[in-house]
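Once you have looked at the hints, place chain Z on chain S.
So the protein sequences, as listed, match chains S and Z.
Quick note on the numbering used here: the first sequence kicks off at 1 and runs consecutively.
Quick note on the numbering used here: the second sequence kicks off at 1 and runs consecutively.
Calculated directly from the structure, the hints in this document are not laboratory data.
Be aware that one or more of the hints could be misleading.
[To be verified] Below are the BS3-like pairs computed for lysine-lysine, each with C-alpha atoms no more than 30 angstroms apart in a straight line:
{"hint": "1", "chain 1": "S", "residue 1": "193", "chain 2": "Z", "residue 2": "369"}
{"hint": "2", "chain 1": "Z", "residue 1": "457", "chain 2": "S", "residue 2": "193"}
{"hint": "3", "chain 1": "Z", "residue 1": "289", "chain 2": "Z", "residue 2": "514"}
{"hint": "4", "chain 1": "S", "residue 1": "193", "chain 2": "S", "residue 2": "240"}
{"hint": "5", "chain 1": "Z", "residue 1": "350", "chain 2": "Z", "residue 2": "364"}
{"hint": "6", "chain 1": "S", "residue 1": "240", "chain 2": "S", "residue 2": "260"}
{"hint": "7", "chain 1": "Z", "residue 1": "514", "chain 2": "Z", "residue 2": "457"}
{"hint": "8", "chain 1": "S", "residue 1": "193", "chain 2": "S", "residue 2": "260"}
{"hint": "9", "chain 1": "S", "residue 1": "240", "chain 2": "Z", "residue 2": "369"}
Bear in mind that the values here come from a model prediction, so they are computed numbers and not experimental data.
The lines below spell out each chain.
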Amino acid sequence: MLKRLSALLVVLALVAAACGDDDAATTTTVAGTQATTTTAAATTTGGGGDGGQAGEGILAQVQDRGVLRCGVSGAATAFSEQQPDGSMTGFDADYCRAVAAAVLGDANAVEFTALTAAERFTAVQTGAVDVLIRNTTWTQSRDTDVGMDFGPTTYYDGQQVMGRTSAGFTGQSTLQDLEGAVVCTNAGTTTEKNITEATAALGVNITLNTFEDFNQVMDQYLAGACDAVTTDGSGLVGRKATQQPEGEEWVIFPPSPISKEPLGPTYLQNDSQWADVVNWVVFATIIFDENGVTSANAADMQANPPTGEIDRLLGGEGNLQGAMGLADEAFFNVVSQVGNYDEIYARNLNPVGLFREGSLNASFVDGGLIYAPPAR
Amino acid sequence: MSVRVDRPQQQPQRVPPWRNVTFLKWAAQLVTLVGVVGLGYILVTQAQENLAARNIDVSFDFLSDPPGIQLAEGISTNPDTVARALFVGIVNMLRVTVAGIVAATILGVLLGVARLSSNWIVSKVATVYIETIRNIPLLVQIIFWGAVVTIGLPDIGFDTGPFGCTEEVDGCTGWLFASNRGVSMAWLFPADGFWQWFSLMLIGIYVSVRVYRWRIRLKEETGAETYSLTWGTLTVVVFAVVGLWIHPIMGFFGPIFGALASLFDGLPRIVVQLVLAAAALGGAAWWIKRFLDSRRTPAGLAKLTDDDIFRIGSTAVAGLVGVFIVFTFTSISSFILDAGRDFFEVAESKFDFLEAGAVFDFNKASLAKPGNFVNYGPTGLTMSKLFFPVFVGVTLYTAAFIAEVVRGGILAISKGQTEAGLALGLTRFQLLRFIILPQAFRIILPPMGNQYLNLAKNTSLGIAVAYPEVVAVGQTLYNQTGATIPVVTLWMLFYVSVSLFISAIVNFFNNRMKLVER
Numbered sequence: 001m002l003k004r005l006s007a008l009l010v011v012l013a014l015v016a017a018a019c020g021d022d023d024a025a026t027t028t029t030v031a032g033t034q035a036t037t038t039t040a041a042a043t044t045t046g047g048g049g050d051g052g053q054a055g056e057g058i059l060a061q062v063q064d065r066g067v068l069r070c071g072v073s074g075a076a077t078a079f080s081e082q083q084p085d086g087s088m089t090g091f092d093a094d095y096c097r098a099v100a101a102a103v104l105g106d107a108n109a110v111e112f113t114a115l116t117a118a119e120r121f122t123a124v125q126t127g128a129v130d131v132l133i134r135n136t137t138w139t140q141s142r143d144t145d146v147g148m149d150f151g152p153t154t155y156y157d158g159q160q161v162m163g164r165t166s167a168g169f170t171g172q173s174t175l176q177d178l179e180g181a182v183v184c185t186n187a188g189t190t191t192e193k194n195i196t197e198a199t200a201a202l203g204v205n206i207t208l209n210t211f212e213d214f215n216q217v218m219d220q221y222l223a224g225a226c227d228a229v230t231t232d233g234s235g236l237v238g239r240k241a242t243q244q245p246e247g248e249e250w251v252i253f254p255p256s257p258i259s260k261e262p263l264g265p266t267y268l269q270n271d272s273q274w275a276d277v278v279n280w281v282v283f284a285t286i287i288f289d290e291n292g293v294t295s296a297n298a299a300d301m302q303a304n305p306p307t308g309e310i311d312r313l314l315g316g317e318g319n320l321q322g323a324m325g326l327a328d329e330a331f332f333n334v335v336s337q338v339g340n341y342d343e344i345y346a347r348n349l350n351p352v353g354l355f356r357e358g359s360l361n362a363s364f365v366d367g368g369l370i371y372a373p374p375a376r
Numbered sequence: 001m002s003v004r005v006d007r008p009q010q011q012p013q014r015v016p017p018w019r020n021v022t023f024l025k026w027a028a029q030l031v032t033l034v035g036v037v038g039l040g041y042i043l044v045t046q047a048q049e050n051l052a053a054r055n056i057d058v059s060f061d062f063l064s065d066p067p068g069i070q071l072a073e074g075i076s077t078n079p080d081t082v083a084r085a086l087f088v089g090i091v092n093m094l095r096v097t098v099a100g101i102v103a104a105t106i107l108g109v110l111l112g113v114a115r116l117s118s119n120w121i122v123s124k125v126a127t128v129y130i131e132t133i134r135n136i137p138l139l140v141q142i143i144f145w146g147a148v149v150t151i152g153l154p155d156i157g158f159d160t161g162p163f164g165c166t167e168e169v170d171g172c173t174g175w176l177f178a179s180n181r182g183v184s185m186a187w188l189f190p191a192d193g194f195w196q197w198f199s200l201m202l203i204g205i206y207v208s209v210r211v212y213r214w215r216i217r218l219k220e221e222t223g224a225e226t227y228s229l230t231w232g233t234l235t236v237v238v239f240a241v242v243g244l245w246i247h248p249i250m251g252f253f254g255p256i257f258g259a260l261a262s263l264f265d266g267l268p269r270i271v272v273q274l275v276l277a278a279a280a281l282g283g284a285a286w287w288i289k290r291f292l293d294s295r296r297t298p299a300g301l302a303k304l305t306d307d308d309i310f311r312i313g314s315t316a317v318a319g320l321v322g323v324f325i326v327f328t329f330t331s332i333s334s335f336i337l338d339a340g341r342d343f344f345e346v347a348e349s350k351f352d353f354l355e356a357g358a359v360f361d362f363n364k365a366s367l368a369k370p371g372n373f374v375n376y377g378p379t380g381l382t383m384s385k386l387f388f389p390v391f392v393g394v395t396l397y398t399a400a401f402i403a404e405v406v407r408g409g410i411l412a413i414s415k416g417q418t419e420a421g422l423a424l425g426l427t428r429f430q431l432l433r434f435i436i437l438p439q440a441f442r443i444i445l446p447p448m449g450n451q452y453l454n455l456a457k458n459t460s461l462g463i464a465v466a467y468p469e470v471v472a473v474g475q476t477l478y479n480q481t482g483a484t485i486p487v488v489t490l491w492m493l494f495y496v497s498v499s500l501f502i503s504a505i506v507n508f509f510n511n512r513m514k515l516v517e518r
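The shape of chain Z in the complex, shown without the other chains:
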């Protein structure tokens, strides 16, 4: 029997504000916010004042001016505006980055495995390579490769080799040319029908994955050997081969892209602005909803802490700021419209072939004499004397680091795993495929992403050999226009976007790969 004791209900005492935890927390948050915003305001106004006093322009108006310069190589060598010139620089940077990432990954993985090889020569060659390359500054290597091309290789002429022209006349073709103007080689290029064939291949890969899974399921159910890998591979091959003749069936994408292009062309800007604004607000609302859901317990919504409320508030403000930006900077929306129209127009032209044509063009390199000087012709894959040192430099350098990452990942798998696998009677291949690599890959991926980021940023050293990537072009442009601060701002925005994009891809795979914890 319990005695119910009526306690006198406690009167909520008035707590003075300086001892009220809630008040203090909010005050601290607000003071910090005001401090940060105020500091930012002071910095910006001070900078504006000083810049104005020195006649330094900080507006972005110069982007639509004619640049007055021409670029050594790129998608257009005579850009008509400063913005276009910078864009050519961006494309050049991405060109060397993508090529470098692919080449460095292949070379790096091979080297990393080679260094672990039980063959003494192979492992020592890999060791010497790695230890040499990664201990020399990249700038020195790029300058070295630049000197190799310009000084080490012979003058260009119709007799340029090593696998050059048979007849030394204008327009003659050969397999591989190396001269002080760069390297040009025979290459397989996508032809007219390529994109239609390629879209068919995407379907083929999807189907093949389904087939592969189906065969595996069958094996699990019946226990009989179902040759899942063979089935999957054969499906892709069938699609690839049959696709060579039937790829025009994908031509129906052409009119779809055409319709999208005219949609973007005719769409009033306000629609895009509204969509973007809705996306900003919707994104903020979605985040808040998800956040609240995470605070939900079986007993209902948990009490939100002040910190939670502050997070929700900041997200809402960020959404509103997004709306403000969309309606203040109308050029963002115009750019999206133009870019969308251009993209779909190009896409339409790629799906415009109703008869089965070549999917690939195999072109040999050529030498041409358009004026009074011999140079590489448009056929063939040409790495100019400016592109070559940057590409070779960043590839060899990053490959050395990737090799170490790979080696580290493989060595990190404990020896017990190998022994257990062998004890189970797995073959060496099965051991590698099912035991070592899946675990090693999980360790390798994050540092690999770092190496890709380094490679992307290291391409800016191309300025040393005058490769016209975005930093070199930007520097020339601000020398010509005086718009240093806007150009530097654009550089930073660009490199941040590229880096975030690369890490987003790596994180995506990393999330798929990591151990599922419950």
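Looking at chain S on its own, in the form it has when it is part of the complex:
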């Protein structure tokens, strides 16, 4: 016994020594291995790995490769869903196609990679994907600490709660109505923290059960073992559309979400050229929507542009796309092959009951937040 104890003590001492002079050790190692560290950093920031030559940006890599590698969820209803035939559909998937149309001229030159929440940032850091469009919330720590850069928000989401009308919930219910309820959600997410903070601030007592994935949460809810479930509003709408049994009425509340979840494209930080390309693909779809340019009338609009801005975006005067390293026709390809913002939204999100009218995702002219800087 004592022998075992002394062995344990030695191990502890090693650990202690390792933790104890943390600062000193780090300083020395940094000094000693500066060369290796810098090389690693250069590889990561410069090329995104995968044999990319030093200094070659992601745009050039994608153009050389001839295919865009896009990270998506694959299991987010209406945002990116893997179909039985292997194809990927959804709002996020269409934005992958829009980027491919702009960069490569072909909306189908996309290689989709389904990523879990835990894998997604590593996949960007190692260059396994060129851009991540996976209902990813833009947060301060992800933007700074995790080493990501975020593009313009394509969907303004927010956390909400879903309950049964038979339990007395209505669309106008508030968090106070959850007093005494068993609420279920996924473990280890911002969702879990948000509901904890929000109910604590209001002094509402709930029992929070957290499960590994959201399918388990829905199983519990369907069995009546949870009084309510909570996650991003778009997710709840999707689940309600597909899983609500007959004879039961589910409602989503509170009307103003309890958190801000701006979702948009994400890419490796410090590659401005690639960032510009992704950002302006999104802006172009928004500007086309504002001006009524659709996939149907794109060719007519290119022939007879109503305004200078549309002319410039569709590849007329100015050579603005050429300055970004794209073909002049780049954004014409986007709108003709994929569509404008409204078309992408309506195609994917209307079927599950998410509409732009009156939401944050309406155009700024209708009181929403979807707004793009001018193309000049």
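What follows is chain Z alone, placed relative to chain S:
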């Protein structure tokens, strides 16, 4: 007549170091030591470097941060620090482990004996149970029991049964409720006077053992029947019954615990550090002394081999490392002070009753509607829908293995023992009590300990049904804080401590039980 031959005294030849056994042995030891320490150093620094390059935090500072999460059940569902959240997870794990060990032992022993029963039905039922349960993975069973609760049982409401409320109103009570929120039942709880009564009972058990031995001695001396077992049992019963009225006499423990609490409160940290350091050095010195004693022969101390010296040296170093740890990580000493104070404060409050009160509270289960939703009330023993599958799963599973261990132990006693006992004219009961069980128990104990260890470790599968034990809580916490490596380190330390603790208990009984060899 012997001729004394003077041999020329051999000059100690200078042996070159590469042929000197002593030198080679020590060199080998030192090279191994340097190799091991060096390898450890390289691994640790490499890990630190890589982790730093990836911005991965390995410090334990996050333990005092607010966790930002709440837990489904436990001693506090809104912990204020990460450390507290982990502690709640630890308590939940221990709760299911202790309950599971008790239940699995009882069920397992019954099943093991049943499988050997001469009653055909009983033995076949036990056989089918054991062969079914132990051949299905535990994870599947836990998920199955989880589904039984959430899908198989009805929605909770004031009409929940099967032995539910008579009046269906808020706060109504019943004997047993089973719903998709778990199971709640009537139960006997320790009341205010319980601990005073319990300490009296400890004295009672001690006295009863003395009485029992005294009666046995009397029987051996006089040969007359002395009813030793009856006497012993009666002593305990007398203490238990009389204790119901006189337990306040144990109240004098209250002020003692109070004094200890204030002692821990006022003690400067340096005192604890000195005590711990002295314990480390004293322990090492004690071990060295015992070791030297074992090498002592009637002719004096035997020559120590190099290996012996190396062992003594390592023990001394371990003692010094202990001192170093005590003075480097001051939080260990602070924790001991805080924990000691808290423990004795709680203990004081348990011995604070000067009038004889109830020793036990019998509470029926209840249903309550604190907000807009019906749930189980605080009275009654409630197994939540999260606790229930884990508890039932590990209990049924481990019981199947314990049954086989018991059966094996009993079958291992040779038939000759039974026949010899019967030939002596022992009754079946006497045969079991004095011949079979004492020998079978010795065989059963070590594998039984393994089953307890398995049960403790298997509770980590509770994550599959979202039971908030230490692994599930830890995983959520490192998802939230990014502190994966510290959390995993804490898990490992915790499980190692629990396992060593269980095996220490089993080894203690095993040592008492084993054949004394001379």
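*For this structure, which hints from the list above don't hold up?*
When the structure is compared with the hints, none of them turns out to be violated.
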